[in-house]
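Visitor: Starting from the known structure of chain A, arrange chain B on it as the hints suggest.
Taken in sequence, the protein lines are chains A and B. Numbered per my numbering, the first sequence spans residues 1 to 116. Numbered per my numbering, the second sequence spans residues 1001 to 1140.
In short, the hints are calculated from the structure, not lab data. Treat each hint with caution, since some may be false.
[What the hints assert, rightly or not] Using 25 Å as the maximum straight-line C-alpha spacing, the simulated DSS-like pairs for lysine-lysine come out as follows:
(1) B/K1022 - A/K112
(2) A/K112 - B/K1008
(3) A/K19 - A/K57
(4) B/K1098 - A/K19
(5) A/K19 - A/K63
(6) A/K66 - A/K19
(7) B/K1098 - B/K1022
(8) B/K1039 - B/K1022
[Stated by the list, open to error] Derived, one-sided and incomplete: chain B residues facing chain A with beta-carbon distance under 8 Å:
(9) K1008
(10) I1012
(11) R1014
(12) I1016
(13) K1022
(14) I1023
(15) A1026
(16) W1036
(17) V1046
(18) M1105
Just so you know, even glycine gets a beta-carbon here, dropped at the ideal spot from N, CA and C.
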Amino acid sequence: MVMIPPMQAAQAIADNLFKALSDPTRRAIFEHLARDGEQTVHALTARAGVSQPAVSKHLGILKNAKLVRDRREGRETHYRAHPQSLAPLVDWMSVYGAFWRDRFDQLENLLKRMDQ
Amino acid sequence: MTDTAPTKTLVIERDIPHAQEKIWRALTQSALVEEWLMKNDFQPTVGHRFNFRSTPVPGWDGVIACEVLLVEPNSRLSYSWGTMGMVSTVAWTLTPTKDGTHVRMEQTGFRSEQDAAYKGATYGWTKFIGNLERVAGGLD
Chain A
1 MVMIPPMQAA
11 QAIADNLFKA
21 LSDPTRRAIF
31 EHLARDGEQT
41 VHALTARAGV
51 SQPAVSKHLG
61 ILKNAKLVRD
71 RREGRETHYR
81 AHPQSLAPLV
91 DWMSVYGAFW
101 RDRFDQLENL
111 LKRMDQ
Chain B
1001 MTDTAPTKTL
1011 VIERDIPHAQ
1021 EKIWRALTQS
1031 ALVEEWLMKN
1041 DFQPTVGHRF
1051 NFRSTPVPGW
1061 DGVIACEVLL
1071 VEPNSRLSYS
1081 WGTMGMVSTV
1091 AWTLTPTKDG
1101 THVRMEQTGF
1111 RSEQDAAYKG
1121 ATYGWTKFIG
1131 NLERVAGGLD
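This is chain A alone, in the form it adopts within the complex:
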């Protein structure tokens, strides 16, 4: 049963996301997973340019913010991006609100230039 989170809980979720994404190494890991799909910690370490414990720590923070999900297979842990968790940060209503207001302005400008 999923409950609609109260305002404070929603803010806590957003705070977690902001913090998780405030580190450039973590963003690079997340971006890499989102673009290229599931990866092992080993593969991620090879790309990240930091030690494996550091990568694991970053992955833990990303996982805590629900930005990545993991699954164990044998001795390896595989991580994949879960970008749906970014949704609370994207306010589509305000993005499109600004977009269409701007386009209405341009429409009115065009109408002034058009012949009757």
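Guide: Coordinates of chain B only, in the frame set by chain A:
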């Protein structure tokens, strides 16, 4: 399951001092639509599939996939609007007024959270995240 977010609607309305027929042309003639909205291959025919194309940004190809849903000349026009893994509907309604036309744009189908169906690879979040860094600077 109770985690389905309700559909939201964005409404923008304006009174524009131009004739309904003229505004209809601006909404439905491809070359004119490009001037105020985006490049497109729109045709005012129900069922016609077309794209709006804007400048690509990293992580987003700039393409909005659409299908014409309703055409009532000089009064109502509607098309689907699919991009970044999210499909909504854009509906235009023109109503004559004393001094011109009342223009109403309604975009329906915003969902959040689970329903957003973001596609990591196609969603332009990389650009968004870049902007986020400054905001996040204030957080520990």
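Visitor: Next, verify each hint and record whether it holds.
Guide: Evaluation of the provided hints:
no., hint, verdict
1, B/K1022 - A/K112, "10 Å, holds"
2, A/K112 - B/K1008, "33 Å, violated"
3, A/K19 - A/K57, "14 Å, holds"
4, B/K1098 - A/K19, "54 Å, violated"
5, A/K19 - A/K63, "12 Å, holds"
6, A/K66 - A/K19, "12 Å, holds"
7, B/K1098 - B/K1022, "15 Å, holds"
8, B/K1039 - B/K1022, "20 Å, holds"
9, K1008, "6 Å, holds"
10, I1012, "5 Å, holds"
11, R1014, "6 Å, holds"
12, I1016, "6 Å, holds"
13, K1022, "6 Å, holds"
14, I1023, "7 Å, holds"
15, A1026, "6 Å, holds"
16, W1036, "4 Å, holds"
17, V1046, "23 Å, violated"
18, M1105, "6 Å, holds"
This entry does not satisfy hints 2, 4 and 17, going by the numbered hints stated previously.
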